[in-house]
Amino acid sequence: MKNSQEYFLLMLIVGTVALIGNWIGYDIFSIQAVLGMLVLILIASLGQLLSQLIPVKIPSVVYVIIIGIILSLPSLPWGPYVVEWTSNIQLLAIATPILAYAGIAIGRSWTDFVKMGWKAWSFVFLFYLER
Numbered sequence: 001m002k003n004s005q006e007y008f009l010l011m012l013i014v015g016t017v018a019l020i021g022n023w024i025g026y027d028i029f030s031i032q033a034v035l036g037m038l039v040l041i042l043i044a045s046l047g048q049l050l051s052q053l054i055p056v057k058i059p060s061v062v063y064v065i066i067i068g069i070i071l072s073l074p075s076l077p078w079g080p081y082v083v084e085w086t087s088n089i090q091l092l093a094i095a096t097p098i099l100a101y102a103g104i105a106i107g108r109s110w111t112d113f114v115k116m117g118w119k120a121w122s123f124v125f126l127f128y129l130e131r
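Its first residue numbered 1, the sequence shown is counted upward by one per residue in my numbering.
Possibly wrong hints are sitting among the right ones.
[Unchecked claim] Estimated spans, in silico, between C-beta atoms of each pair:
1. Y26 with K57: 25 to 31 Å
2. I24 with P59: 18 to 24 Å
3. F29 with A102: 24 to 30 Å
4. V61 with Q90: 17 to 23 Å
Hints were generated in silico from the structure; no laboratory data involved. Source: prediction; values computed, not measured. C-beta: ideal position from N, C-alpha, C; glycine also.
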């Protein structure tokens, strides 16, 4: 369970940084954006928790997708609210801190970092040129 607590703390940090990026980059900061980020953190944390509790070897992203689909169904009473709140969060605002964390994790192993090669770096460069 300690791993779940660390994961939840990491999700809170990434969510906070994504909210700041959403605010600075897209000028979107509202109570709906905060609620949307809390919903996304809850969905990701529940998916991680289910992957640890259920003994079947299924990646946690599958649980996250299933929970996200169920919570956003329009036929459920809370579905339209979940869709409205999460629509205030931009994808790039979420992807930036996640990719930064992944870069830090890869950066610990310089051999893996070097193996990425010029193709990965050219993709990153082109990605930011389009923005």
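| Any of the earlier hints contradicted here, and which numbers? | 1, 2
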